[in-house]
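**Q** Given chain A, put chains B and C in place with the hints provided.
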Amino acid sequence: MGWYILKRLLQAIPLLLGIITVTFFIVRLAPGDPMDIYLEEDRGQIDPQAIELLRQKYGLDQPIHIQYVKWVANVARGDLGESFRYRRPVSQLLAEAIPYTLQLTILAVVLDALIGITLGIISAVKQYSVLDKIVTLGSLVIYAIPGFWLALMLVLVFSVNLGWFPTSQTRSMDYGFLSFSGKVLDRLWHLVLPVFVLGVASAASTARYMRNRLLEVLNEEYVLSARARGFRERVVILNHALRNALIPIITIYGMKLPFLLGGAAIIESIFAWPGMGRLAVEAVSGRDYPLLMATITMGAVMTVFGNLLADLTYVWVDPRVSYEGKKQR
Amino acid sequence: MNYLPPGSYSMTDTSLHTSVPRTTLRRAALALSCLLALANVSCSPSSDRAPAQGSSITLLKSSRIDERTWSAFGGFGQYLVFLRLFRKDETDEQQPRLAERWEHSPDYRTWTFHLRRDVRWHDGVPTTAHDVKFTLELLAHPAVLHPSAFVLNIESITVLDDFTLTITYTRPMSLESGSIAFYPKHLLEDLDPSEFFSWDFWTDPVGNGPYRYVRHVPKTMMEFEANPDFYKGKPKIERLVLKFGPDAGLLELLSGNVDIVGIHPSQIPGLGEDPRFRVYYSESNITWAHGIFWNQRHPLFRDAVVRRALTLAINRRELLQVLNYSPDLPIFDVIYTRRQYLQRQLPEPLPYDPELAKQLLEAAGWQDEDGDGVRERAGAEARFTLIAHRGGTFLGERAAVYVQDQLRRVGIRMDVQILDGSVMTERVRFAGEFDAAFYRTPRAAYRMLRWNLFGEGSRMGYHNPELVRLLREAVDMGADPEVEDRIYRELWDIFRADLPITFIRTQIGHVVAHRRIRGLSSPWRAEPNMNMEDLWLEDVP
Amino acid sequence: MRERNSDNHSSVLRLSLIPGLGHLVLGERRRGVHLLAFAMICVLILTSTWERFLEAFQGSAIDHWIASLFLVACLLSLSTFSVRDVRRLVTLGDERVQSKSPLRIALRRFQANRLAVWSLYVIGALYFIAILTPLLTPYDPSAIEDVLETRYLAPSTAHLFGTDEFGRDLFSRAMYGARVSLSIGLLAMLIAKLVGTTYGSIAAYFGGVVDNVLMRIVDVIIAFPTFFLMLMLVGVFEANLVVLVLILGLTSWPGTARFIRGEILSLKEQEFTESARAIGLPAHLIIVRHLIPSALSPVLVSAALAVAGMIGAEAGLSFLGLGIRPPTPSWGNMVSAGSDALLVAWWVAFFPGALLTITLIAFSLFADGIRDALDPKALMQRFV
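In the order they appear, the protein sequences are chains A, B and C.
Heads up: the first sequence begins at 8 in our numbering, then just goes up one per residue.
Heads up: the second sequence begins at 75 in our numbering, then just goes up one per residue.
Heads up: the third sequence begins at 47 in our numbering, then just goes up one per residue.
Looking at chain A on its own, in the form it has when it is part of the complex (with noise of 0.2 Å):
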């Protein structure tokens, strides 16, 4: 295990350098002199001199290669750069706002997890009932909900109107004086309308899969088999085919991150979560190029990891797949 881990994380090295190269060149391909971004009205006064320290400070006096070859050493080593609009190092402002956006995540992928997969077992159980039909077409028509008016609606509803959640934010103003029990229910209250909002349409999606794929291993002879041997219906469905039907979901769940990191930028946006998605979405109004780049990166290297992380559980939890035969794939 531990050599295939190894194997996994040295094949991502090309892909990472790839994202960090890619984020490069597109940023450096942006019309115009990122200096003058960065000093704005001011630039018409300053000291031409004291203007090229700052591009020394920032790394722009170079070739264009050079800087490159600089960017990815220092991305290797940690450092992202220095914010153009926070003037901070970029892996300080990241390390302040990954975890808010992994909260978000990690509680909108226990809340898919819980919905969708139970919502996708009872389905398939009761295939053509009336719950099923509500299933499989509501799960369609949730999933299909653009994200930010669910929210805004929501918010109208349930916060404008009903006073039930706060309007944004992460925790109430007199958090401080809060006992401990008391914090986690306020960072709890503050955190159900964005997580229901990502969680609820990837919930749709996972229900969906999961009744396809518990149909799909309900046909297989070794669960007609069990039927047949005269196990009870229950029996055969938890122990027989939900543990087959549930070990693709794992890969599923990698795929799906990608979405909820882009669905992040959108929902903390609304709610003023301080996460990754509202720091991308700040930069790129900001043209703030270090943190756009900075965040960009860390998007997919999260992305990448959140895959690798899927594979090896993938491998652990299946008895049936080798280490050889993943690396096929």
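No lab work stands behind these hints: they were computed from the structure.
If a hint is listed, it holds; no wrong ones were tucked in.
Not close to chain B: a few residues of chain A, all C-beta gaps over 12 Å, as computed:
(1) Arg15
(2) Leu17
(3) His72
(4) Val76
(5) Ala80
(6) Gly85
(7) Asp139
(8) Tyr260
(9) Leu316
Chain A regions said to be covered by chain C (calculated; three or more residues, Cβ under 8 Å):
(10) 142–148
(11) 151–162
(12) 265–275
(13) 291–298
(14) 301–313
By construction, the Cβ of each residue, glycine as well, lies at the ideal position given by its N, Cα and C atoms.
**A** Coordinates of chains B and C only, in the frame set by chain A:
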């Protein structure tokens, strides 16, 4: 293919039991708390302290503001905790603050500042000229480089005595760019400037301003208390809470969570008729006049008659109302001195007269011959693209939408392109790549000259030697307000005849505050962060 | 039926110049009612917007032209179709039921799926309305009149969706928004599929090092969360309509490329390809012949889903203020403008978003319908 070896059929092997054991639940709870703790690493240790008694208000700040840079490079908290050398008063005039008085050489390159002697850091150490010198040098350090001409253009700094220093610049300097907070040398001189942005000082700053930093709950709030040793006396509002909120802070205000919110005027209708709140607008930044810049290299705008027609065609009064601005704002066609603006001694603006506009356009040869609603002349359509910022302090999308419709009615087709701030600056000020733009011009003569709006090679394609001569004269003789007024009155005639810019408004900010907060007033004292030390609370029935 | 004389034929044919009547006479009620209803709608639109219809030919607005011509074309093609179909029915007689080509079977299976059929209607209606927008809008979408009196009016019979902050009719604006959103979705999807297919084919065709390099590039692009990639590109390049379509299309092709390459490679290894090569037939001809039927269904399904995805992405970007920017209305930026006014006027954000939702649901139901119709099993895994 999906066959599972028979051995793994047993019940014990399945991960999905029908009843979840207790330990699993506990583990799940633990995992959850860990997850929440993820983003809670830097909670301040003093956060269990009960809220201070006495007068206290809460302000909402957009959480887009990074909470820590406030102490490094500007932002809200800086005004409260740190003093600047001078500060703009409600009438846009620089007033003494840390500096008691100052003088400059005739070429504006050498400035001498005399500091107050009664200002102390919050730890009791007096603030001196050494702190000022230290800060300026710190900000110019290659690892820091604060991008302001006031810092980066320094040639030399000489400390004459503990409370007097002289700064020499490489080029003429104005106080406009001198909005810089100063930091305590005795606490920072031993720290490594290359770690500047990570200094612990920024999370627990010691300043010399009217308020002291108390605590900070990341991503949530920051608390300040009145500084009893403030040189003007202890501020009346004892406790200030800065809440970091969403950009649209109206919901927070209406739900009673905060007392003051800076808002975009488009949100004002959302307040409805709520009696708890008052809207204030501040016009204090009359340094800037916003309007439509017509690029005279565009065939449509070359003719002053057309520019006049376009100005007549836009109902500027209604535009301001549509944007929810106060009906008290003046409409103007000219650039002004501070006195002229404050005393409303501005010449009568062109009226809203679309019929006259149409006549002028006809007379200038722009006629709609093919009946498509757009005029043309010699085969060229009366059509152009207006570029505008996405919003903020500038005239943005909303104003563009309105102007577009107004011009359509007189047969001019205007397309709109919304751009980011930096691109706008590049296109309007440096490249001159635009037909028309929502932009702003400085009011001061020396700045207009530096921007080269009207000189040779003007980016607006408008070169008027007479105008430039008058601006130069204003710079040379402008020390006397009477003279400045007189020169500007001569400028008026040129502006009114040529209309290179159709002005719409000055720079205006909006604030909503709870009624119990007193001391704010429109338009000159509406910025709570500038005036916090002068505000007080009054109970309202 | 075959015994009918030619007189009878020609009278039926003449009758079917009015779309659907011929079918009704022949007892083809379903199709007849549909054709007739569609024709009636066209005529109704034509008569009720007669003046605007004529205006199109005086002015120079291209979209207005297209709308008017489209309406005429609709009526003409309905008539033509109706006549030809009736002729086919009359001459074929009962044989028509017998046809059993796989496509026919798929079509019938699709028709049996009522939701899918309805979603197809919805999609059709949306595009139909989008094209006819200049004729149909009750108000000028950008006209501003007495703003202070007309702003933020609640939905009523005069303004179905209410008015926005400038007193503009939201119903009209939503129709213009539909045009922008729907065309962006379609165009971006086409770009993505075209680039993806070409790229995948090239990789598979050349194989070896080329394939390896090309697919590593795909790996890299797939590693990015697509929305992040779009964000970065709209941030770096000034997004106007064309650039936005390109950005959406050019960030979404790698999935297709991977799929097409996989299909071709697996076909390459099939026996019939080998044997074809043995008898001297060029392999790529064989591959193309087999590729089309085997890839058709997944490509169609993913195309339908991609249109929805693109519309959704555009709306998301515009909502963040980074995609289509006002004053051009798109559903995304309308919701964005409405979110500012959520407290005073919920309808500003509600209606465009609701339309967007309906569109996305219709596309996903439609995709589901094709998937079931063309290949009821097995494809599921590929496109979750």
